[in-house]
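**Student:** So the chains spell out like this:
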Amino acid sequence: MKASSPDTSEPNGFQKTRFEWASFVFSGLTGLATFLVLAILAIILGNILLLGWDGLSWRFVSSGTEQDMFNVDQAGVLPMIVGTAARVFLMTLVVLPVGVITAIYLTEYARNNSLLTRVIRGAVNNLAGVPSIVFGLFGLGFFISFVGTHLDGFMHSGSQTPVWGKPGLLWASMTLAIMTLPVVIVATEESLRAIPPGLREASLALGATKLQTVVKIVLPQALPGILTGGILAVSRAAGEVAPILFTGAAYYMATLPRSLSDQFMDLGYHVFILSTQSPNIEQTRSILYATVLVLLLLTFALNLVAVLVRARVRGRMRAMH
Amino acid sequence: MDMVDLPNASSPSHLSWNGVRRGSRKAPLEWVLERCIFLVSLSAIVLVFLIFAFVLRESLPVFLGRVDSTVAQRVIPADQMDTLSSADLAKYLDLSEREFSEMDRDTLRLMMEVKGESAAEAPLDKDAGVNTASWRYLLLPHQWTGYEKPSYIWQPVSEIHKYNVVPLFIGSLKTTLVALLFSIPLALGAALYVSQLAPPRVREWLKPAIEMLAGIPSVVLGFFALIVMASVLQNLVGAESRLNAFVAGIALGLAIIPVLFSIAEDALTSVPRSYTQAALALGASQWQAAWQVVLPAALPGVFAAVLLGFGRAIGETMIVLMASGNASILSWNLLDSTRTITATIAAELAEAVFGGHHYRILFMLGTLLFAVTFFTNLLGELIIHRLNRRLEGKA
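Sequence order for the protein chains is B and V. Mapping to numbering that gives the first Met the number 0: the first sequence position 302 is 301, numbers consecutive. Mapping to numbering that gives the first Met the number 0: the second sequence position 363 is 362, numbers consecutive.
There's no promise every hint is true.
[Claimed, not checked] Sample of chain V residues at the chain B side, in silico, Cβ under 7 Å:
1) P27
2) V31
3) G314
[Stated by the list, open to error] Below, simulated EDC-like cross-link-like pairs (lysine to aspartate or glutamate); rule was C-alpha separation at most 20 Å, straight line:
4) B/K165 to B/D261
5) B/K165 to V/E96
6) B/K165 to V/E101
It is worth saying that the hints were derived from the structure and are not from the lab. Here a beta-carbon is modelled for each residue, glycine too, at the ideal position from N, C-alpha and C.
Please work from the sequences and hints to get the whole structure.
**Tutor:** Shown next, in the form of structure tokens:
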């Protein structure tokens, strides 16, 4: 249906040409904005891909840094990849169950307009808007100086150095789990709502209880959406630096983390170190770009998958209504 | 029309659904499990509360004016150590109970001597006797020794700890303002185009493509601003310092474009098709329908998008830490090097003494940041909620 086609035999031909001109400018301007956003995205990605590709080698991603992490010929990012992967993996173990269960409650059990439901939703939305540095402060104030110090008091009261009352892998993961909780909840909720009510009704009509219906009918159907939420949370968390600045990331460590209370090196934090602390930015440019590329490949590959799956889920939902 | 046909969970769950009694043999376990589901779902509320409580807990002494950062302190000679009770001694030496119990007598005595010596070396200007962590010095200008006129100074690690937070607030506002001015036209234009004008097939891939911008970690945007954009923009506008509020603001704008775009696009799309169709039927062109009918209907949503974008921008850390230059000068000039609240917390907390005045003031900044984003988010969500109800015809 072509909308802007008033009858040409109308006498107000002057107005019509003016309308089309305005329409052209308007579409042009908004189209230009869209194009600019995409162009900026392309420039950033292209710049990093082109300049990072040369520095990328098997040795770079498969070895650690022995002495000098600013040495272009010896630097490697394996410890950072391991550290980032470890903290993200631990985070997933916590955030997925909690997020999925909350989403189940919100879609399957909660009354849609009750005060409690609205408060829970408000809290989830607010959690999503808390600045990442505040999560870092929270991790320090709650996990390290409250929980950790008390744990040390109970478990290691004899030791001189704190075990849990200092930054470590576990605390960084927990901080990130709290930060990404809304991502998982929202994605899971969306996929739960996309499941036709008829499926639930059929299951209930056959005599299944509500919990059986949720576990055996609804959840398997929602699995792609839940995975999307998990992937989005992982890709969001993998690139975050601010929350782990005070809760676990280390400037340099000679060994990989061996326990949950150890500190770790991190890809995103390493990008920060290489871009701001390098003794000679021109010389270390190649490893900086390569490190950024590794980080971006990790987060972006995940993100791309999530965006595609989500687009598909949304399409299915729209088709249903 | 999501779940209207489903039996409502409001009926007592252990009794019946639609009047049909369910098998009783599974009831007890299921009842427990469903209670567990309910309890877990409260975690978001508990977490928001915990975040507020524990960030506030570390900063409460500042709010109550109980932090003392006076440089010149009463000195107790080491000989008089025994006259003090152990609690007083621990307080005098700034030791926690745990630390205190771990030290032997000689160490304590040594610490008292060191403290006495450092007090003797302390600067003797008039500012040494000032408690810089009290509200008067946090917010108002002060005539510091060596300055020509009363000024707002943030210099936590100088001899006199100067904690005026005004330069940091202005720094945050400056970068956020640039970010909003840069991103609002781009994001709203794109949202209008994608939701109203683009052919459906193009729309299908445009939206995910723009949302991919959200997938770039902020440390990568910070890196890009620092290494690439800063030089390009310096050549363009001829700024004196390479890193400034303008560069950081533009990079910050890139970070919030996906936020603004997603929310505005959602609001525009949720305006019923019948609005557009009615306008078109009355002879409006497509842009008239979009500009004069759909946009006004979705305006609260667009406003909410800007509000939430503001919250994101003012709380963003890594980009401003890397690209703003981090000089805490009080200036409204966009081309001056700038230090924001978030960058200050990120850069200084690691060096601040645990539990000291610097540490507590940084937590105070975090509390204020949390409060600001909390209320902008709340307001944004309320507006979106109202808008959706109105568009669904319920209000």
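**Student:** For the pair supplied as a hint, B/K165 and V/E96, is the alpha-carbon distance within the 20 Å limit?
**Tutor:** 17 Å, holds
**Student:** Tell me if the straight-line CA distance from B/K165 to V/E101 falls inside 20 Å.
**Tutor:** 18 Å, holds
**Student:** Against chain B, with CB atoms and a cut of 7 Å, does the hint on V/G314 hold up?
**Tutor:** This hint holds: V/G314 lies near chain B, its Cβ roughly 2 Å from the closest one there, short of 7 Å.
**Student:** Under the criterion that the straight-line Cα-Cα distance not exceed 20 Å, is the pair B/K165, B/D261 satisfied?
**Tutor:** 9 Å, holds
**Student:** Does the CB of V/V31 sit less than 7 Å away from some CB of chain B?
**Tutor:** 10 Å, violated
**Student:** Double-check V/P27 for me: the hint is only fine if its C-beta lies closer than 7 Å to a C-beta in chain B.
**Tutor:** Cβ of V/P27 sits 12 Å from chain B, so the hint is violated.
Of the numbered hints stated above, those contradicted by the structure are hints 1 and 2, listed in ascending order.
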